[in-house]
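A.B. asks: So the protein lines, in turn, are chains A and B. Heads up: the first sequence runs through residues 1 to 131, numbered per our numbering. Heads up: the second sequence runs through residues 1001 to 1794, numbered per our numbering.
Treat the hints with care, as some may be off.
As the list claims (entries may be wrong) - With beta-carbon atoms standing in for the labels, derived distance ranges:
id, chain 1, residue 1, chain 2, residue 2, range
1, B, Val1745, A, Arg103, 32 to 38 Å
2, A, Arg107, B, Ile1588, 32 to 38 Å
3, A, Glu102, B, Ile1583, 38 to 44 Å
4, B, Phe1611, A, Lys40, 46 to 52 Å
5, A, Arg103, B, Gly1685, 32 to 38 Å
6, A, Arg103, B, Lys1641, 56 to 62 Å
7, A, Glu102, B, Asn1408, 37 to 43 Å
8, A, Lys40, B, Val1745, 25 to 31 Å
Simulated from the structure, these hints should not be mistaken for lab results. Glycine is no exception: its CB is placed at the ideal position from the N, C-alpha and C atoms.
Okay, here's what each chain looks like letter by letter:
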Amino acid sequence: MSKKILVIDDEPDVITFLGTLLRKNGYEVCEACDGVEGMKKVIEEKPDLVCLDLIMPEKTGIKMYREMRKDDQLKKVPVIMVTGIESADRWDFKDFKKFIQERSIPRPDGYIEKPIDMEQFLKAVREVLGE
Amino acid sequence: MGRPKEKWTAISKSLAFRIALSVGLILLASQIIFIYLVLDIQQDFYFERMIREAQRFSDAIMKAMNHNMLQDHREATRSIIGDIGKQQEISDIRIYDHDGSIKFSNRAFEVGPKVNKKAEACFACHSEGKAFSEVDSDKRTRIHYHGDHRVLGMITPIYNKDDCYLAACHVHPKKQKVLGVLDMGMSLEGFDSHVRSLVFNIVLLGATTFVAVLGTIGLYVTFRVHRPVSRLRDAALKITLGDFTHKLTVDSQDQIGECLWAFNIMRDQIRRWTQELTRSRGEYRSLFEQVPCFICVINRNFEIVRQNSYMRDLFQGSTGMRCYEVFKRRPNKCEDCHVDSTFQEGTTSRKEHCGLKVSGEEANYLSYTTPILDDKGQVLYAMLIAVDTGDRVRLRRALEASKDFQTNLIESSIHGIVATDEQGRVNIYNIAAENLFGYPAQEVIGDVALAKYFPKQFVEMILACQLGREIENHRLIAQETTVISRGGESMPVRFSGFVLFDKEKTAGAVGFFQDLRMLKKLELEKRASDRLAVVGQTVAGLAHGIKNILTGLEGGVYVVDTALEDKDDQLLQRGWRMVQNNIGRISILVKDLLGYSRARTPEYEETDPNFLAEEVCVLFEIRSQDKGIVIKRDFDPEAGKLFIDQRGIHACLSNLVANAMDACEIDKKDTTHQILVKTGQNEEGNLIFQVSDNGVGMSEQTKRKIFTSFYSTKGSRGTGLGLMVTNKIVMEHGGEISFDSEEGVGSTFTIVLPSPELREALDREHRKSDQEAETKKKGDEGVVPPKTNADLFG
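Chain B extracted, bound-state conformation (with noise of 0.2 Å):
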């Protein structure tokens, strides 16, 4: 029983079912209006036309009974009563005398009696108690049944017109207006079946209709409404529960495949702003939680109604808990509370705070306020962004310790330190610097004239780089040099310099200074101190060597005299060439040690070094082909002139040379030996002088010890003190010099003279320094050596 009236419930609340019933119904009782009215109508012109055409039968009647009336034919007149109500549409027919008795019918048994005029036949003229002459013909007629049908009854005045007074039978006074009534009643039965089966008709085509109608409307509306709307609201169901999958077929053209097609738009759009907000939603979770910066959301009354899961871990406040309880620890609320006046103002406010975590631990932290507002736009909470600015505040007191550091680095240093802007102005001074070069350090900083601090080759340095052209260096590393002060005064300097980046733009420059003013003094002094020295390893040294000589002496003139006792001529040769070559050791021996213990001050002169270097070979070309070694040059042409010590440099070469045809002359190799001098200058302009051997080579311990005094591999033939005379000669000139050497291959000797510049301040301070020492040493000693025959003879 359920089941039914649970279907007859959804039926009855279906859209098809009550549209089609509504429909319907209003179809129906539209049809029901229309049947009545249109039957009424057709009855009342079916009636009208039975009424005229009873009219019209009846005065066909009377006027087919005016003769016979008028000649008093009864029989002919009941005749045709009989004929005429014989006729199957005429029920009755009857003709009424002026006092209302039935004079003719064709019921016979109807004639004679006389009829009350209250009677229906007789009321319409006999309505108002008295009979009216004339009588409208829409009440002549009635309507009564006889029988099971309906009889249209259609009263006719009979008129007493002339013809009838003037008749022969005088029978009706001329006064007598109605001689009697026809009355015809016409059977409505014919008629009544037509309206019946009219009616029938009607109302079998208005119920095909109302269900037809009912039926297609049902029909459609289920299939074409029904049912999408069935699937639009199963679908908007799903979207509900968050079902966006499921989309519905558009399967007309239709309103409803409209409403299908934008219920797709709108199930789309749907899910794009759920997954939006739903993904949003997320955000903000994970903005609100995880974002490393506390949130908290205060009402008017301070108090926390929301915080994030940092501001809990830092603060340990909980919601409800008063803000300036949780930040600060205070009882009551801050003087200059932000919060507050983002409650009185409404805008956003921002402040650096320091707080209290829980660990009692200080906190700094640079915290927003921003307004909540209502719908009315009163402001309903604050809400409260915090960074924790600890990290920066903790940096920034680093880097100010860091700074200050550097500060104090910076001018502890004991070298000048120099350092300019990416625009090029000098920012760094030290005390170092200020020392070095003289000037105070408010007229140094700011100043861009860079040329009166850093060398020449730096300054360009840093012009390049500010200018974005490529160099191949940035940098100019431990380069000895001069500055000049502000007095004017040249000052050696070893530079380093280096031009700074950041991020592959110019970002400044910085020059170091160590002041070599006292290492150059004190090398100086050095250089004196150790020709001092070596003259007192002189004294060992100088006794080995005479030993050696006075050994070769006497060796000599032992064998001179045992020559000449037995008369031995080539005895005698042997011990007279000891003799000499001994005398001539004696010479040798003194001018080197003159020569290295004399501080001799290097004469320039503008000399071609290729020539020099050709003088010396020429010197040595006539031994060496003697001992069948070849002397070769490599001059490079573009060494041009410089200023040199012409003698020093001839006696290092010549020193040099002597000492390759040495290791040639006792080399045992069975190949041609040859001497290669070489010239040229190096990438930074200095003159190179370059002696080559392939004799004998060094040993380890050689080259540990060749220019050590009085070391020499050369048996009696060295004094032990060419190579450091030479050593010596090219430290004068400010140059240094090297070797290489392979036991067995070869000896390779190189001489690096530097640029005339610097030879030119050394110079100056070499001068000097002699100048003092020779006024120390005459205070020590009381007399001076004479370096030159001027000073000897004046």
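The following block holds chain A by itself, in its conformation from the complex (with noise of 0.2 Å):
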């Protein structure tokens, strides 16, 4: 049985890009496009594995991710942060790193830069999902 990946980004192209590429690599894909329908559809959906973009409106990747690990079932579903560079906080992916750890939040399973590497994502995810 194929493995479920909830794919949530507020750009519709980069859905369509991992939706497209995790189905061609034999995954199921599941899609949102906020922190908020991300949620319903983690609680509905049980994925194996969330590819959850950093900076959404409604509710932010980092938001969301919290939450997951506060909540006694979801923490343990594994999370892949996809994340892009906020001009407005200035942050580069250090910062990011720097401010997960500052705050106590466990460290998600994995992390991809955009522009996003096929192979390097591919890779975070079939390691993630222990394949």
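Both chains come to you apart, so use the hints to assemble them.
C.D. replies: Structure (structure tokens):
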């Protein structure tokens, strides 16, 4: 049975791209465009992996990630963060890691930085899913 | 014994008694004199009558006896004499012969003897030793007493007439003049009784009158004079004791009543004067003692004879000390002593002094000396009244210090300060203003051409206030404007002006000029620097945008490849759209970036703002209709043509309308979404463009960041530069953009473009600053990016 991966990103193009890539590689994909929808889908679909964008409207990826980690059921769901750079806050990848560490948020299972390298992404997915 | 004596003493002193007694005595004396005179006259009268009667009677007797005597009828004569003698009124009657023998008498025993010539009956004729041949009638009478009553004796000589010496008896010779004497004594008893009665009546009358008068006068005086006078006396005594309450009752219209009435008036007047005097004394005392200035009286020896408490407290000099010892702590008189001049000239003198208080502290005072004259007009004392002017001196010094400080403040101010007096003449023109305007101070002070210095609006305010016209506003606060220097240079300033009032009357005006040349230059440099910073910022932001675009492009290519591989048309279309979209995004990004980073000079042309807004509405109308969004217009027909940069403002409006459409698109409210495009002018004459929507509105976070570069709420659809570019264009116009938004309700963006004059000045500054920036950049980088195709291709 193929693993189900939930892709959460406010960019439709990213969802299309990652969805096509994952389906091509035999995964079942479900999608959400923001943190609120994402939380619903996590609970409903019970995915094996969540690919979570960092900065989204309604609810950011960070907030959603925290909620997941506080939930007894959801905290077990592995998460790969798909990050860009938020120019307003002047974050880069290192700053984000430091942010996670300082607030004692459990580290995600993987980080993928945009622009997304397909091979790296698939490798991270397989590693997280234990394939 | 004492009381009656006292009573008698009181009575004897009383006016009534004295008047009554005086009048009574005078009356009595008058009456006595009157009685005496009347009695005397009466007596004389009656006596004369009696004498005449006696004489007539004697004559009658003589005539009656004449015949008998001629006939020598002695018995008849004797009978007649006897009969006559029996009469009550006749006391005695006798006839004497020539020798003095009584021949006939009513008393028989008297007949015969001879009387002495010295007897009182004979005295009248024989008084000088010889008989008179004629006797005056007044000497023929005599008064003598017979028993207890008086008798009037009348001697009637019997003259030897022709009949007598020719008579048959031939007794008496011719040469014998007087044959004898008839001596008749008429009793005066009746007469005396009558007189006594008369006297008694008169005396009685007099006494009665005296008593009556005495009593009447006494009573009258007592009631009409004594009592009122006593009341008057008592009232006067009360007045002397200060009791003015007792008013006398005026109960008569006579002089006493008038006196009482006058007394009452006098009482009132004295009471008023006394009260006035008492008040004056009180006031004087208060004035002298409590007035907050020191007063002393100085004699010719310069000794203080009297001083008030204020002076005592201040100088603690005592009476008897010399004034110069007390005020100046000197051993001798001051050289310019004005007390002395008052004594010398007898006039008031004034002088300002500096003395020493008892505390040793300096005392400044202004003193006046006034002469106090005696009855002869000689200066007896000098009264010195002095006011402590220490406060005034201190105030003056403080005022001078304040004035100096104010002058320093004004001159030290980095802002130009120009002020006018109430007549519109420049009276303050500081160094900063001189540097700003270039006119030297001596040319400006007193100048009335205020338009050279102040903005026109403020000059109008000043003139209106001077003319007393009511205006709404008396001040301009922080208004950006331009002033023209002496050299003709137009300089941007921030002007604040105030019309000054003193008790609702115009006192002048003041204007503060903040030279904005440096600020504007710095603003332009900052804008240029910001643009450069943004350009620098773009490195990070651009990377983010480009990364997203690359992800989209790469993803799109992968999806296309997968679709081609799987022959999935639907997927193919999705993938190709991804590629197209992202290529479009790159194009917009580059355009926006170039548009933002380039310092574009607005190209002003006369434009109808309503026409421009209509163009933008038409541009977005088709798209909005597809999305079910209504674009409404609210154009102000009064918004006339203005000089604005059409392209720039078109881009701004387009951005705002596009944002509004996006906000409506993502809004999930079940309502008809509308976009309202509005034009108008505000009170200052600035042009307003406004775009409102009832879309999704903005959160607080979004509000904070919307003008920040690359912040977009539109995800992949926005470059994040739209509002920044709009803001930039508006600022280049010298205007400002603002917004109001409520999450879930909608947003309103407002662009305000300034008035043409200010815009023109700023425009010149922009051009000048841009040229400088370009020159600098050229110097820094060696390459000047082309602004226009003309720059590129020459």
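A.B. asks: Any hints from earlier that this structure breaks? Give me their numbers in increasing order, please.
C.D. replies: Those not satisfied are hints 5, 7.
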